[in-house]
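Sequence order for the protein chains is A and B.
Residues in the first sequence are numbered from -2 upward in steps of one, following our numbering.
Residues in the second sequence are numbered from -16 upward in steps of one, following our numbering.
Hints are computed from structural coordinates only; laboratory data are not their basis.
This structure is a prediction, so every number in the text was calculated from the model and none was measured.
Every residue, glycine too, gets a C-beta built ideally from N, C-alpha and C.
Careful, some of the hints might be misleading.
Said to hold, decoys possible - According to the in silico footprint, chain A covers these stretches of chain B (three or more CB under 8 Å from chain A):
id	segment
1	233 to 242
2	281 to 290
Said to hold, decoys possible - Partial chain A-side listing against chain B, Cβ under 7 Å, derived:
id	residue
3	A75
4	A80
5	D90
6	T102
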Amino acid sequence: MTAAELDIDGVTLTAGAHRLVEDVSLTARPGELIGLVGPNGSGKSSLLRAVYRVLRPATGQVSVDGADAWSLPVRRLARTVAAVVQESSAEFDLTVREVVAMGRTPHKRLLDGDTSEDADLIRSALAAVDATDLARRPFDQLSGGERQRVLIARALAQQPSLLVLDEPTNHLDIRHQLEVLGALRRLPATVLVALHDLNLAAYYCDRLYVLCDGKVSASGPPADILTPHLLAEVYGVLSEVTIHPRTGAPQVTFLPQ
Amino acid sequence: MTAPVDETGTEQAVRGRQQSDRRTGPANLAVTLVVLTVLLVVSATMGLAIGSVQVPPGQVWGILTHALGADWSTPDWSGARETIVLDIRAPRVLLGAVAGAGLAVVGTALQALIRNPLAEPYLLGVSSGASLGAVVVIVLGVTWFGPVSLSVAAFAGALGALLLVYATARTGGRITSTRLVLSGVAIAAVLTAVLHLLLLTTDRGNEARAVLAWTLGGLGGVSWSTLWLPSAALLLGIGILMAQARNLNLLLAGEEAATTMGLDVARFRARMFVLLSLVTGILVAACGPIGFVGLMLPHIVRLAVGGDHRRVLPTAALGGAVFLIWADIAARVVAAPTEIPVGVLTALCGGPFFLWLMRRDARRATDRGGS
Chain A
-2 MTAAELDIDG
8 VTLTAGAHRL
18 VEDVSLTARP
28 GELIGLVGPN
38 GSGKSSLLRA
48 VYRVLRPATG
58 QVSVDGADAW
68 SLPVRRLART
78 VAAVVQESSA
88 EFDLTVREVV
98 AMGRTPHKRL
108 LDGDTSEDAD
118 LIRSALAAVD
128 ATDLARRPFD
138 QLSGGERQRV
148 LIARALAQQP
158 SLLVLDEPTN
168 HLDIRHQLEV
178 LGALRRLPAT
188 VLVALHDLNL
198 AAYYCDRLYV
208 LCDGKVSASG
218 PPADILTPHL
228 LAEVYGVLSE
238 VTIHPRTGAP
248 QVTFLPQ
Chain B
-16 MTAPVDETGT
-6 EQAVRGRQQS
4 DRRTGPANLA
14 VTLVVLTVLL
24 VVSATMGLAI
34 GSVQVPPGQV
44 WGILTHALGA
54 DWSTPDWSGA
64 RETIVLDIRA
74 PRVLLGAVAG
84 AGLAVVGTAL
94 QALIRNPLAE
104 PYLLGVSSGA
114 SLGAVVVIVL
124 GVTWFGPVSL
134 SVAAFAGALG
144 ALLLVYATAR
154 TGGRITSTRL
164 VLSGVAIAAV
174 LTAVLHLLLL
184 TTDRGNEARA
194 VLAWTLGGLG
204 GVSWSTLWLP
214 SAALLLGIGI
224 LMAQARNLNL
234 LLAGEEAATT
244 MGLDVARFRA
254 RMFVLLSLVT
264 GILVAACGPI
274 GFVGLMLPHI
284 VRLAVGGDHR
294 RVLPTAALGG
304 AVFLIWADIA
314 ARVVAAPTEI
324 PVGVLTALCG
334 GPFFLWLMRR
344 DARRATDRGG
354 S
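Okay, chain A solo, but in the shape it has when bound (with noise of 0.2 Å):
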């Protein structure tokens, strides 16, 4: 597994007549983990889906280690750039072992069978998400929880150089989040992810970008950034961020009015 370098150039995405994003740009190094947060409605999501190439940019470029994702063909960008989204699946009795042998797709041609070496990624993906005792469950009838750690470990499988994810830790109780920010944070591929919890994001990622109304409100490492301004500003709530003694990341405490 490599890091790639992802550049989103003043990227605009529409819906219609409705404008979701508008002249973002933003940049991951190879290897960094950057967080994407704000509120709902921000075009969090929106903008994740023009890079794992869903949603087509109206202007501007995403480009993956300087190639536009968006001319590349489909599967070529799948053995580089993985996902994770907010989608749910229909039913159709998948193990979850199945599930995330699904991840080797882009790696196969039409006949391939799985090899022992598909068997040791898939392996190892589960145990990178503490899944190992799921594998032969059905996929349908995981908690919440574990199905997104199961998807996590399917884009795992697919051995990306740069993974996209959307708010991950949704469903997740507070041990799995820390298990799943911690094996991103591992990982050597490049890592965006949207995410809801400030503390979450200031303690695991390398940068934040800050989206509010579909534009970037500021970017930067946490510690710089996340301030009661800035969170006044964009969520509209009073705070208060302290460096924490024992982690050294920023840690945000909201102030009820």
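Let chain A serve as the given structure and place chain B on it in line with the hints.
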């Protein structure tokens, strides 16, 4: 196992474990396929043996091996029996196997492509489209494509109906079961009405009666000379679908997820729609619309071998062949000497199955919503 059970997952986790134990992981595919192949040979033998004239299974094999040039047994049967087995029953049993296998794999693929467990060529009006196409050709007497005109028209009708149902059922990138079934039923009703209108107003009165019987689905009247086209369609269909099995799996993860794993969903679906319409059209042209095989078989097969299409497709093909051979035997026997259209019998099993499936899905949805 030290994994903590979260407060919402307890009951579900326990149920999940019971379920997975019952299935003991992925069932052994090879064993399933061998069992089904043996079953297929036995079923085909019975299909050749049972009917208004009973031929003992041993004699069936005697006739078959003799016809293939092997003299394992001395011919102690009448020429009439030989004709019944070789020229009347054998093509019929083969067509049953081909149609059963074809409908089962079409249903399997359609359920993945539309991402809906209730998808099936008959329920979606695809078979009605094919029937209408075929009837138009018969009534107008069109023969632009020579002997395969009927199949070409059935293919066009099937594709048209499939695209229409797909377009009307899809809103906001999603297809709900309700919309799918409703548009399928509505479109099938309209197409069938047009078909009946055509038949009743045509001046070829005696032909109309035969065609009307054909629209109920039946395997009678097939001969060796018309068997090659359905067989070729089946082989082509299974071959391509098996090669695309991984991509069909990807669709189970959702359209966006499938894209992120390298599948050009729109293009793939368009190509597969053409393929499935081709197979359905040719099968309908050969034996009329036979319903519910494409619905029942995939679901039963998934219970046994799981949802991976590399396992489901070959298993469903064999299972569908066995099922339709027996359905046809029943069609010949239950009301003998009157022969019942096999489509009537498959609907008799399929309707209740459909209702069970609908209730199961509703139950699953409630379980999930409650957790």
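Now the hints, each set against the structure:
no., hint, in the structure
1, 233 to 242, "holds (count 8)"
2, 281 to 290, "holds (count 4)"
3, A75, "holds, 3 Å"
4, A80, "holds, 4 Å"
5, D90, "holds, 4 Å"
6, T102, "holds, 5 Å"
The structure fails none of the hints (numbered hints given earlier).
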